[in-house]
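Protein sequence lines correspond, in order, to chains G and F.
Those letters in the first sequence? Residues 234 to 346, per this note's numbering, in order.
Those letters in the second sequence? Residues 2 to 113, per this note's numbering, in order.
Read the hints as simulated data drawn from the structure, not as lab findings.
Heads up, some of the hints might be wrong.
Claimed, not checked - Calculated cross-link-like contacts (lysine-lysine; reagent style DSS-like; alpha-carbon spacing at most 30 Å):
id : chain 1 : residue 1 : chain 2 : residue 2
1  : G       : 289       : G       : 301
2  : G       : 275       : G       : 304
3  : F       : 58        : G       : 275
4  : F       : 58        : F       : 71
5  : F       : 58        : F       : 10
6  : G       : 275       : F       : 10
7  : G       : 289       : G       : 304
8  : G       : 333       : G       : 301
9  : G       : 333       : F       : 58
10 : F       : 10        : F       : 84
11 : F       : 10        : F       : 72
12 : F       : 71        : G       : 333
13 : F       : 10        : G       : 333
14 : G       : 289       : G       : 275
15 : G       : 333       : G       : 304
16 : F       : 15        : F       : 84
17 : G       : 289       : G       : 333
18 : G       : 304       : F       : 71
19 : F       : 58        : G       : 301
20 : G       : 333       : F       : 84
21 : F       : 58        : F       : 72
22 : F       : 84        : F       : 58
23 : F       : 71        : F       : 10
24 : G       : 304       : F       : 58
25 : F       : 15        : F       : 58
26 : G       : 275       : F       : 71
27 : F       : 72        : G       : 304
28 : G       : 333       : G       : 275
29 : F       : 72        : G       : 333
30 : G       : 289       : F       : 84
All values reported here derive from a predicted model rather than from experimental measurement.
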Amino acid sequence: GESVGLHLPTLSVQEGDNSIINCAYSNSASDYFIWYKQESGKGPQFIIDIRSNMDKRQGQRVTVLLNKTVKHLSLQIAATQPGDSAVYFCAENFGGSNYKLTFGKGTLLTVNP
Amino acid sequence: DGGITQSPKYLFRKEGQNVTLSCEQNLNHDAMYWYRQDPGQGLRLIYYSQIVNDFQKGDIAEGYSVSREKKESFPLTVTSAQKNPTAFYLCASSPPPDTEAFFGQGTRLTVV
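Okay, chain F solo, but in the shape it has when bound (with noise of 0.2 Å):
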């Protein structure tokens, strides 16, 4: 079936630690998105790609970091910088701009 997997499903961390998130897609599409999403809030962007070995800054990267060395992959790390990383986080692809995203079922990253 093709789709947008994350894993894990949840996630739990102890302060401190970075912790990296999985997403992975084979629809074939260009574009990778991770959104934050906190209880009752809508999502904020954290960085995006368009492309293979390139991604940019969304509205809230400060403590996040991406990589893309291939188009299935768009691996997002929350590292200890982040000062609040408990949240729900999903991941999305699109094929070319000014065209619906589709969304992995999102992890859920606690700090305990």
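So here's chain G without its partners, still in its complex pose (with noise of 0.2 Å):
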């Protein structure tokens, strides 16, 4: 799951298993997050959104949870497979007319076959 530390938490995972990501942010005031996926050298990709008036949202394949109380923000994989293998982020929006997107620090999903 993320940290605060310097270095990228890192998930190794069997193929065809489930994948948790964690994501701890920072500001209770913030409405909107957003889960994105980045392979190596390329910029980040949209995976899955949620608002803060909702507590779970389903993509496919990808599940995301938010927990309010907590300030916590869980990405789930489902039969994870090599192709998911990249860095996951986590962004949050600080709400109303700001546009600023904050981002997590990332964490390293490596599938195994």
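Build the complex: two chains, separate frames, hints provided.
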């Protein structure tokens, strides 16, 4: 899961297993959250988002859970595949007319065949 | 195709020189952003712009400058005042707030 340390947290799973990546966000006023996937040497790609009036949102093979009480966000990937290997970032928007998007430190997911 | 184009992909700079990174988008997005990424690190916000001719400092603006003269373009200048400029630079854009940001493919800047 996420860490405030300098080193990138890592998660290693077997192909076919489910993965859970965690993120602790910083601002209790944040009302919009996004998960991004970044492959080596590329820009981040959107995976799924969730607004603060929701607790859960599902996409294709992915689910995002939001716990506002403890300011925690998680990304669940079902039946993880080798192509899911990447760094995953959560991002938060502080809400209102503020466009500023703040990113967490990321988690490196490695899927073993 | 719609998207965000960053150029060049790789850039080398001598110490003491300014260098400008290009970012162009044809998505008609109001907001544009510049992030810096160091190895094994997250994305840190340098500058962002919500509208033409307006921009705000992010968390690590020192040593950088930007302009937003056109909606489509948001160039970033890395000045000689930036003490450790070697990094991967990412540009992004988004429509109104509370929507996802779309990223370019990045520019890797190396100071030699």
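Checking each numbered hint in turn, tell me which of them this model violates, lowest number first.
18, 27 and 30
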